[in-house]
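Asker: The residues making up each chain are set out below.
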Amino acid sequence: MSSIMVSRIRQKQIAQLIASGNRLDGRGLTDYREIKMEPGIIEKAEGSALVYIGKTEVLTGVKIETGEPFSDRPNEGVLTVNSEFVPLASPEFEAGPPGEESIELARVVDRGIRESKAIELEKMCILPGKKVFVVFVDVYVLNHDGNLIDTAALAALAALLNTKMFNYEVKDDEVKILPGFTHLPVVNHPISVTFAEINGKLVVDPGLDEEEVMDARLTVTFEKNGKVCAMQKSGRGTFTNEQILEAVKIGQQKAEEIRKKVV
Amino acid sequence: MNQSTIKLIDENGIRKDGRKLDELRPIKITVGVLSNADGSAYIEQGKNKILAAVYGPREVHPRHLALPDRALLRCRYHMAPFSVEERKPPAPSRRELELSKVIREALEPTIFLEQYPRTSIDLFVEVLQADGGTRCAGAIVASLALADAGIPMRDLVVACASGKVDGQIVLDLNDIEDKEGEADVPVAFAPNLNTITLLQMDGLLTIEEFEKALNLAIEGCRRIHALQREALKSKYVAVKEEAEVE
Amino acid sequence: MPIFYENKQLVTPGDLLAEGDYSADSNTYKEGNKIYASRLGLVYYEEKRVSVVALNAFYIPLTSDLVIGKIAEVNLHGWTVDINAPYSALLQASDVLNKFKPQRDDLSRIFDVGDLILAKIMTYDRTRDPILTVREPGLGKINRGQIVKITPTKIPRVIGKKGSMINMLKKETGCKIVVGQNGLVLVDGGRPEDEGLAIVAIHKIEQEAHTSGLTDRVTEMIRKEREAKK
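Residue numbers (the working numbering), protein chains in the order written: chain A, 26 to 288; chain B, 1170 to 1415; chain C, 474 to 703.
It is worth saying that the hints were derived from the structure and are not from the lab. Because the structure is a prediction, the values reported are computed rather than measured. Treat the hints with care, since some could be wrong.
Reference listing, derived: stretches of chain B covered by chain A, where coverage requires no fewer than 3 residues with Cβ under 8 Å from a Cβ of chain A [said to hold, decoys possible]:
1) 1213-1223
2) 1274-1286
3) 1306-1315
4) 1366-1372
We treat Cβ as the ideally placed atom computed from N, Cα and C, and that holds for glycine.
Just chain A, with the same shape it has in the complex (with noise of 0.2 Å):
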C-alpha cells in the first residue's frame, strides 16, 4: 500500500483530541463503531456473513469442498482463509495477486480460528488419509474505512456459524451425498480486537484516518473463554511491555461484548 499524505494539521488534530481522550468521530479511547452484520446473505455459498463496522464492509463467504488431508494430519479436515482486497473498496487497492497486508490479514484471522480450534477438524474426515471436507473462508473486502482486521475476521465467524455441509454417507469406499444439511460443529467463537497507537495512546477500532496517523497497530484474538489465542503487532512504530499489557486487558473485554453479538 502506498503511503497517504495526511496533512500535519489533521495529524495534529487528531493526536489531541487522542490526548484528550476524543476521537474525530466523537468516540471513546475504547469504543467501537457501530457494528452490523447479515448472516447468509450469498445462498450460493455454504455460509456467509456481511459485516460493517463503521463504515468498513467485509463480505465473507465459505465454500466447502472435498479433498485430501494433510500428510502430517491425516484424520483432519483442511481449513484455508483467503483474502481479498477488492479494488473497488478503496482508492489505494490494485487488481492483482493479494500484497502482504492482505496475506497478513489472511493469517490473523486463520490463526484465530485455527488457534482456538473453533471448527472440530477431526469431524471432518471422511476417509481417513483420503477424503477430507476443505473449508474454504474467503473474505472479500468491499470497503475499506479503517480495521479491515477486525470487521474480517468477525464476518469469517459470523459466516461460520450459518455454514452448511451436505449429509453424506461413506459405500466402498466412494463418498455418496444424502439429502439435507448438517450445520458445521463450531464449537469456539474467536473475536479479534485491534488497538491503534497514536502518540503514545490506545485507541481501539481505528478508522481510517487515524490508521493514517498511528504509528503501529496491535491486534489480540480471544477465544470464548478468554484466553488469548492469538497475536500481531504491525505497522513501523514500537509498543513497550506496559501498552501491550494494557491492550490485552482492554482486548478481552471488548471482546466479551462483541461476541455477545454475534452468538
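Once you have looked at the hints, place chains B and C on chain A.
Answerer: Relative to chain A, chains B and C alone:
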C-alpha cells in the same frame, strides 16, 4: 498448535534437548561474512542457520517506488528449499511474505530512514536450515547486517521467542516444541530504547501466562543482545589486538 | 553529569553514551537528555561534545568534496556518474563544453561509460542528486594508475594529521596519490610494484585505522617489503 502425547519436558523440568525451561539454545554469531553486500551477518542458533545481508542505501529500482522524504526499507525473508525436512518449493509462500513484512516492521523503527530520501535499503534474510524461531534469528542478524553496513540506527534489534510447552512457560522454542507445544510468542525488542518492535502469538494462553511469556522473551532478548554486541565488536577487537602485538 | 564509556572505547548502535548537558555530534543522536550511538565505532568525549568515529559508513556527498567517479551513463545533456554513494551524481555537458549543442556534440567522445574522472561536488542538497564539476585544474579524466576502494570513514586516516600519512606514503612509494572523499584513492606510480606497495599500505591503514602508532608501522611495512623485493 497440537497437544500430543509426546512428553517434551521431563519430571525434572528438563526439555528434550537437555535445556532448562529458561535456557537459550547455543548461539554463534559472525558479522561481515559476505564481501559483496554492504553489510552482512550469520547466526547459528541450535540447528538454525540463517544469513542476512543488506544492500544500501542505494538508488531505488524501480524508480517510481522512491519515497521523497525517507529511504524505502524492503525485506525479503526466504527459506532455502533444503532448509526443512520436506523440501520447500522455492517460490515465496504466504508465510514467507508475512514474515518478510513482520521482520521489516521489526527493524524499521530503529533505522534513521529520513536521512536518506529517495534511496532504498534492501534486507535479505535467507534461512539455510530451519529449526523453529527463524523469524527471531532472522531479525537478530538483519539488525547486525544493518550495523555492519554502517547504516545509522537508534538501537539494535534483538529477538527471541517464548511459549508454552507441556503446560510450562519456556524460552526459545525449537521446531518440535513450536509444533507440538501449546503456544508460541515471538518477540523482537530494541534493548536500549526498551520497546517491542515485533510481537506475535499463536496458541492458547491466559492473560497471566501471556504476561509471563512476554517477560521471559524480553529477558532472552537482553541476553542475546550481549552476544550481538560482542559479535559486532569482535571483528575490530581482533585487528586491534594483532596491531598491538606487531 | 555522567558519561558511560571511556574515550576511544568501541560502542554499538543504541549504546547510551552520556546523559545531561552534552551535544550530540557525528554518529550519535540525542533523545531527551540522553545521547546514544547511532553507528558502530569509537566514542570520543571532548568537553561537552560526544561523537563516534564510525568504523564503517558509506559516503554522503558534501559540497566541495573531491571525489573519484566512474561514468555510468552518457545522457543527452551530460553524464551520470557513480561516486560510490547512495546517490548517483550528475556532470552536466555545460560544465565541460562552452557552447554545448546536444545534436552536434557527441558526449561519449569526451567521457565514455567506464571512464574514471576526478571531480568536485559543486552542489548537493537532499532534494536532488549531487552535481559535479571538473572545471578546476587537475580535475578531469583519469588516464593512468590504479584505484583503491576503502570505507569512506577511513579516508581521514589515509591523509593523516596535517597530511603526515599521505606524505609518507608518497615519499616511500614514489607514487602520486590522490584521495577522494568518497573512499576511492588513485595511486599512480612509475612502476606497478610501487603502485602495488601503495595499495597494500592503504588497505593496511583501512584495517588498522583505529589503532595507534599506525604511521610508523606502515612506514616500516613498506620498507620491509622493498628490502624483500631487492
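Asker: Count the residues of the stretch 1366-1372 of chain B whose CB lies closer than 8 Å to any CB of chain A, then report whether that count reaches three.
Answerer: holds (count 7)
Asker: Can you confirm whether chain A covers the stretch 1306-1315 of chain B, using C-beta to C-beta distances below 8 Å and requiring at least three such residues?
Answerer: violated (count 0)
Asker: Tell me whether the statement that chain A covers the stretch 1274-1286 of chain B is true, taking a Cβ distance below 8 Å and needing three residues at minimum.
Answerer: holds (count 3)
Asker: Do at least three Cβ atoms from the stretch 1213-1223 of chain B come closer than 8 Å to Cβ atoms of chain A?
Answerer: violated (count 0)
This entry does not satisfy hints 1 and 3, going by the numbered hints stated previously.
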